[in-house]
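Chemist: Top line first, the protein sequences correspond to chains G and Z. Every number in the numbering used here is 987 more than the matching position in the first sequence, counting from 1. Every number in the numbering used here is 18 more than the matching position in the second sequence, counting from 1.
These are computed hints drawn from the structure, not numbers from a lab. Just to be clear, a hint being listed does not mean it is correct.
[As the list claims (entries may be wrong)] Only part of the chain G face toward chain Z is listed, based on derived beta-carbon distances under 8 Å: (1) V1009; (2) L1049; (3) I1063; (4) L1067; (5) T1069; (6) S1071; (7) L1075; (8) N1082; (9) S1122; (10) E1127.
For each residue, glycine too, the CB sits at the ideal point set by N, CA and C.
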Amino acid sequence: MNLLNRVKYILSNNIAVVMLYVVSLGAFESLKEIPDVNIFSFNLQMIIIYFYILKFPESLGLGHIFLAGIINDVVIGTPLGTSSLSYLILSFFTNYMKQVTLRSKMTSEWITFIPALFFSNLIFFIIINNFSHLSFYYIELLQNTFFTFLFFPIFHFIFSYYQTMVKDNA
Amino acid sequence: MADSRDDFIIAVRYALLKKGAKQKFSLFFLIILSVLIITLDRISVPFITSSRAIINDIVYHVSAVVSTPGKFVKYISQVKINHFYIVDENENLKKEIKLLKLNRYDSLFLKTENESLKQALKLGNAKNRDQKSSIRARVILDQESPYLKSLLINKGTKNNIIKGMAVFSKSYLIGTIVETNYFTSRVLLITDLNSKIPVVIQETDVNGILVGAGESMSLNLEYLPENFFLEPNKIIYTSGKDGFLTAGLPVAETYLDEDNELKIKPLTDPRQASIVHVTKGFLNK
Chain G
988 MNLLNRVKYI LSNNIAVVML YVVSLGAFES LKEIPDVNIF SFNLQMIIIY
1038 FYILKFPESL GLGHIFLAGI INDVVIGTPL GTSSLSYLIL SFFTNYMKQV
1088 TLRSKMTSEW ITFIPALFFS NLIFFIIINN FSHLSFYYIE LLQNTFFTFL
1138 FFPIFHFIFS YYQTMVKDNA
Chain Z
19 MADSRDDFII AVRYALLKKG AKQKFSLFFL IILSVLIITL DRISVPFITS
69 SRAIINDIVY HVSAVVSTPG KFVKYISQVK INHFYIVDEN ENLKKEIKLL
119 KLNRYDSLFL KTENESLKQA LKLGNAKNRD QKSSIRARVI LDQESPYLKS
169 LLINKGTKNN IIKGMAVFSK SYLIGTIVET NYFTSRVLLI TDLNSKIPVV
219 IQETDVNGIL VGAGESMSLN LEYLPENFFL EPNKIIYTSG KDGFLTAGLP
269 VAETYLDEDN ELKIKPLTDP RQASIVHVTK GFLNK
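Please model the entire structure based on the sequences and the hints provided.
Modeler: Here it is as structure tokens:
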């Protein structure tokens, strides 16, 4: 029982890392599997990284982000290191936003997610174009980025609620 | 002006170099490491290639285990959907059986005639499929991404799988091997944008290139002759002009969609494949 409680404690305190690895390993396909709503597919990794680097940086190490990116590259078949670099650029912009913002509100965080997503995806496109022979699905990517941005407030609410719950329990 | 520039530089430097409370690495170090990995992966250093194969094998197997609950949910929803369509499907199958019974007699006649003509022309028995070289594999992951429509199978170089081998599901071509590891391989599906197969259209001598459209059941035909109109309900076969796939393998068919627009779809949904056959018996050399 003690061990179970310990596992539960570790999992609840490292939920961001666990989620990031699980999503990168391909267990979560973000609505792709549901017919007719697969258009709403989004990138949950980016939402997790942006939210946790912005609000709870102590919960998500950069090493984990790097490793999750490598795993993601292996699973989806893109050149090794592409997702890592893309996620790290996102982390960099998030860190930068955090430094230059005095009082953060959900709406301002939502808006600043746009340039962070833009630069992160831009790096991804540049690498795919120059370091691989893969063709793009531009529309699918655009939809994916748009819905990643659109769904951010929902996950912001869920993650904030969860973190408050964990804090209260501790 | 100078102050705001200094602020900007300080913020950037802080974001890049500052390690947080529980951070072991700085962002700058990890970015440099990522760039290094991308470069080494690109120039295909033998050490990196073999390391990548090992990493791939491990990650694919872990990924297969982690996605088991998701697969189970998918399976349950598929069973539910199938249950609702089973009556319609049964009716359609009955009709199809009737039609196939009629066609069978024609086929038998044509087969006999073909064999006797081959004997007369001394062409020998040019059987395409070399059953001995067919390798049965299980799909362990069908992870989709906006960049690559592919499947991962549980057979690799250990089972003599090599790049370029053809992959079949239900006797229909669904893709080719594009990446091999020791225990696993990646199959590029014919529906992927990067897939290009030289084909010929049924009852014509018109050649074209069958290209994936990026959707699970959609294909495009490119490089068709000018003034050629594609008709519905035509089977598209491989032409074998790539010197790689044998001619005459059925790949796709044309059909009219709900808006009366002519579309091309693969003969089987590659994403539904769970057991596949990998073969080099179809090599046309």
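Chemist: Determine for every hint whether it applies to the structure shown.
Modeler: Results of checking the hints against the structure:
1. V1009: Check passed: Cβ of V1009 of chain G comes within 6 Å of chain Z, closer than 8 Å.
2. L1049: 5 Å, holds
3. I1063: 4 Å, holds
4. L1067: 4 Å, holds
5. T1069: 6 Å, holds
6. S1071: 4 Å, holds
7. L1075: Result: holds, 5 Å to nearest chain Z Cβ.
8. N1082: 4 Å, holds
9. S1122: 4 Å, holds
10. E1127: E1127 of chain G check passes; min Cβ-Cβ to chain Z is 4 Å, inside 8 Å.
The structure meets every hint from the earlier list without exception.
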